[in-house]
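Engineer: Sequence:
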Amino acid sequence: MDIWKSSNISNAYTTRPCTIETGGATRCSSAKDYGVGDNRYDGVGDKDGCDFSPYRMGNETFFSSGSGFTIDTTKKFTVVTRFITDDNTAEGAEGTLTDIKRFYVQDGVTHAMTQSPCSAIKDMNLLTDTKRSAAKQIFGDEDDHKVKVASSRPART
3 MDIWKSSNIS NAYTTRPCTI ETGGATRCSS AKDYGVGDNR YDGVGDKDGC DFSPYRMGNE
63 TFFSSGSGFT IDTTKKFTVV TRFITDDNTA EGAEGTLTDI KRFYVQDGVT HAMTQSPCSA
123 IKDMNLLTDT KRSAAKQIFG DEDDHKVKVA SSRPART
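In my numbering, each residue carries its 1-based index in the sequence shown increased by 2.
I should point out that these hints are in silico values taken from the structure, not numbers from a laboratory. Careful: at least some of the hints might be erroneous.
[Said to hold, decoys possible] With a straight-line Cα cutoff of 35 angstroms, these simulated DSBU-like cross-link-like pairs (lysine-lysine) come out:
{"no.": "1", "residue 1": "K138", "residue 2": "K77"}
{"no.": "2", "residue 1": "K138", "residue 2": "K7"}
{"no.": "3", "residue 1": "K49", "residue 2": "K77"}
{"no.": "4", "residue 1": "K34", "residue 2": "K77"}
{"no.": "5", "residue 1": "K7", "residue 2": "K34"}
{"no.": "6", "residue 1": "K133", "residue 2": "K7"}
{"no.": "7", "residue 1": "K133", "residue 2": "K148"}
{"no.": "8", "residue 1": "K7", "residue 2": "K78"}
{"no.": "9", "residue 1": "K133", "residue 2": "K103"}
{"no.": "10", "residue 1": "K103", "residue 2": "K49"}
{"no.": "11", "residue 1": "K49", "residue 2": "K133"}
{"no.": "12", "residue 1": "K7", "residue 2": "K77"}
{"no.": "13", "residue 1": "K78", "residue 2": "K34"}
{"no.": "14", "residue 1": "K103", "residue 2": "K77"}
Generate the whole structure from the sequences, applying the supplied hints.
Structural biologist: Right, here's the structure in full:
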């Protein structure tokens, strides 16, 4: 998981499912395992991942430097990322991860992640399996994410 990729004008978080079920870090032993070159989608992990970037999703006024943006990156802010399971327990204990949700706090005000104005993912402001697949389709991306998630756990909406 790329929990935070950011500059002063854009940000994203990206899920990257893996088909390894060892419960910890695993070293890839070959170019194919790692997904190098022609093996990009044969590897054990999703090299592309599925990201949520407010700017890429169509909201150009949510996050950047200056007072005209919801989150003004010239000022301090806090980012909170929640990993939500189907039964509200810790993932791996009993619950299965269903959603990843983010919000921001700046100047004492909580700001939900922006909604995407793109029609097929209009209500997308968190990552779920259904919304990730829709985003992959809209942007014309290979949906290796769906393949890797399906091999590691049941799909959730």
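Engineer: Each hint needs a verdict: does it hold in this structure or not?
Structural biologist: Going through the hints against the structure:
no., hint, result
1, K138 / K77, "holds (33 angstroms)"
2, K138 / K7, "holds (19 angstroms)"
3, K49 / K77, "holds (33 angstroms)"
4, K34 / K77, "violated (44 angstroms)"
5, K7 / K34, "holds (26 angstroms)"
6, K133 / K7, "holds (20 angstroms)"
7, K133 / K148, "holds (11 angstroms)"
8, K7 / K78, "holds (17 angstroms)"
9, K133 / K103, "holds (12 angstroms)"
10, K103 / K49, "holds (21 angstroms)"
11, K49 / K133, "holds (19 angstroms)"
12, K7 / K77, "holds (18 angstroms)"
13, K78 / K34, "violated (42 angstroms)"
14, K103 / K77, "holds (22 angstroms)"
Violated hints for the displayed structure, listed by number in ascending order: 4, 13.
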